[in-house]
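Colleague: Two independent chains are provided; combine them into the complex using the hints.
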Amino acid sequence: MTDPWLFRAEVSLIVGALVVIVLWRLMLGLDRRGFTASYGLPVCAGFGLRLLAVAVAAAIPAIGHKLTTTDEASFMATTRALAALPLSSSKWLSMTVHWTEVIPWALTYKVIGYCGSFPLRLEQIGLSLAAVIGISATAGKVGGRRAGLIAAWIAAVEPSSVYFSGLLHQESLCMVGEALLIAALVDAWLRDRPAWRPVCVGLLGLGLIFGTRSYMAFFAAVAVVLVLIGAAVCRRVGLSRGLAGLTAVAVLVGFAGILAAPHVVPGSLANLQHQLNLPYPGANLPLPHTTVTNSGGLLKTAVLRSIDLLLRPFPWQIGSAAQKAAVVGTLVWYLMVIVVLVLAVRQGLDGRLAPVLILVACETVGFALTLVDAGEGFRHRVNLVLLLAMPLGVLLDRWWRARAQRRSVAT
Amino acid sequence: MTAARTARVVTIGAFAGLVIALGFAFAMPTKYVTTTPLSAPSRVQLYGALAQQNQRPHAGPTATTVREKSPRTERDALLGLIAGGLLAFALVTTGRRELGGSG
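For the protein sequence lines, the chains are R and E, in the order given. Take the first sequence: its position 204, counted from the start at 1, is 687 in this note's numbering, and no numbers get skipped. Take the second sequence: its position 33, counted from the start at 1, is 15 in this note's numbering, and no numbers get skipped.
Keep in mind that the hints were calculated from the coordinates and are not lab data. Do not rely on the hints blindly, as some may be mistaken.
[As the list claims (entries may be wrong)] For the chain E half of the interface with chain R, some residues (derived, Cβ under 10 Å), not all of them:
1. A(-15)
2. A3
3. F71
4. L73
Even glycine gets a Cβ: it sits at the ideal position worked out from N, Cα and C.
So that you can see chain E by itself, here it is in the shape it has in the complex (with noise of 0.2 Å):
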């Protein structure tokens, strides 16, 4: 295999691990749930009367966040990049029979 066709294999294998990691990091469980502790006056504000009688819900003085999307798309798409060019190399070149670049 030359070293061009080694090249295309493994741009190829690059995009689709690029394709296939923004696909699973949209797709996939898409709430990400981030929780804040909540100071005294807020917890005031929220549960009101409640909380100074101590009788407020049980859910703990925190507020809790539902995001929609993965903030480290980027990084998953870059290791999603380098792990389909990787993979695409490893298969390409566990076929040749020698060592050397263009062989």
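So that you can see chain R by itself, here it is in the shape it has in the complex (with noise of 0.2 Å):
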């Protein structure tokens, strides 16, 4: 027996001093490939914000409570159940693929033991600064240097996922499996040839999104095929042509799907009713019923449910103190999507983002079609917080730059 505040600490300045030494080489070894350094700022900013969040959370348990009582409380006992297993048990394996999330955890406490929950939020916290080093990586290469520094700025002090960076869910590593794609589609889109490194990036993140949320990887695979072929279509015909093609053919696609899908997959759309009529612990923010197991159900629900997640829940939605917390969160994300909807009229699309907004596209139809609850929603939306800091970033660089060439003109 030992005093555990000690053993706690220690474990939580070894983890931290590790996340820390970790994400600092990604910065730099981004950096060698051309990129820039300089996300040091927003990337410290938003490790503190992150731990700030955490320690609010633990006191303010109106705030934090309803969290960590919920989906947390499962992913703990399963950690823990996991961990006491030996490392030859064939359940690491299945676990590994099936639940990658609890991996780090589970290794974390069969290493060094039962270490409370602090050393493993912050590597929640350092695997969401390493999708936000790579997100601005990746719009630092379409953008250059200051696209880059926008886009960290955005995605690392963005208050929903300064929230859920804390929590033990599945977020932070999906995030980093999105980086790891968007990077890799956004290299594919701008090479004539493919290349291997992108390649393997790319399907390193389409098996975190596999292991962390096994639905996600269909859209994001639809994504990837989407974008593979536009990116061969729009070098022979054309940007705006190109597009549009592939806009009309993904629509009538996805049609096709909606209309063949309870003839073909009648067993999984029923497991999906099944699950969205299962009633969701602690949740406050119900959504009207839906029926997925028909064609028209499921058009409805895809449509409306995007729009539930886009939407809401709404800013005078603040029945708890968690959801007047999030009422930040919710304007901020309001305020992202008008910005970019306005910058791209403005300035026209550029090519180099259609891969990105390609991959919004897909996963917000497959978040819409699962969720059960507008808070559960206002969680998985931190996904697409993360992906849009990118487009965000460049389009305002961008903005930046038309604006003090006309400042120039003018005087």
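Modeller: If you want it as structure tokens, here you go:
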């Protein structure tokens, strides 16, 4: 028997130091490929804000309690059960494939012993910031150093991302997968010939998405196919015609899929319906009942729940302290969407942003189809926040440059 | 920063971590309570006739041992050493602008 506080503090310091070292090496590693190491400041700010959010959630039960008593409790129980098994157990392999997010936590407990939840939260924060660095590096590759820096600041300090980064859930690792996938897709869009490195990075990203959310891997794979086809078509017929054709084909194939799904995968849809009907523990932002077992219901669910995912919870839904805290995140999200739409319309669409917009569209439908509660949608939305930070950085950088040019011409 | 200076800072950090860990291990709450279940004959020996009449004090059938020092001091000291060294390394490396050991 020992004093647990000293032990937990030491383990937290070790994990925290390792997180900082790995993030710094990652930043410099990307810098070597031609990006910049100037993301240090936003990453530090993001790290500090995430630690503050963990402290606030722990200190104010009305904010932190609701999160940590629902899904997180079962994740922790699974982690402890897995850590109790020997590494030779086949459970480790099956959990690596289907519950990948649990593996770093279980390994921590296996190596060090039970040390509370804070070291695991530090790992989650590290993973979320690795995703921020990855997405910023991609923005920097497309729009230059300042675009990457703007994307880094947005992704690092956006309130809902800050809040959910310390949660023991799927978000952080899934976001790493998305950052890797988008880097590979942008690479594939820019290159004429396939290269092994983006292929490996893309497969790793898809693997992480599958390991954390297997259903989302299907929609991410659809995005990969669309991007690869789009890149080839746009090279031949031009950007606007290529994207218009791709959109038309994607919508037609989507409709065909919705019509065919009840006949092709009735079991999967019945399972999805069962999950949508389940009462969600702790949920207090319910969405209207929906049916996904027939084509009409599936189409209606895809459209209406996509709107729910993007707009709910509304800023006036303030029934609890957690919802009041979420208002800032909702407002920032609205602002991000509006600014991206306005700048994209005013500046014209940059083809190099097509991969991320395609992935955002596919993931929106994927999350929407599985959405049980508006609060769950709010959590899922942090994945879209991360992805949207990239085009926002590029578009804002271009707007900034155009404004500076206008001023210099005027003077 | 040279490799030698990095090693020096890491060594100082590790030593500081070790000292702090040992300080906490010895200075923090010094009572480590261990409870051991008591067998029926031991209960009779402890509580005498009261135990048989089911009127013994409401402490439960356990014996309590109080120790003044953590038996895991060695582990805490080792973790303090590692934590201090890693923390120092993190502080030193995040100041660098390039990869490489000796830069």
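Colleague: Decide, hint by hint, whether the structure agrees.
Modeller: Going down the list of hints, with the structure as the test:
Annotation: A(-15) (chain E) was flagged as interfacial toward chain R, and the flag is violated, the nearest CB pair being 16 Å apart, outside 10 Å. Checking A3 (chain E) against chain R by beta carbon gives a least distance of about 6 Å; that is within 10 Å, so the hint holds. Against a cut-off of 10 Å between C-beta atoms, the interface hint on F71 (chain E) holds, since the closest Cβ of chain R lies about 7 Å away. Look at L73 (chain E): its Cβ gets to within about 9 Å of chain R, closer than 10 Å, so that hint holds up.
Hint 1 from the list above is the single one not met by this structure.
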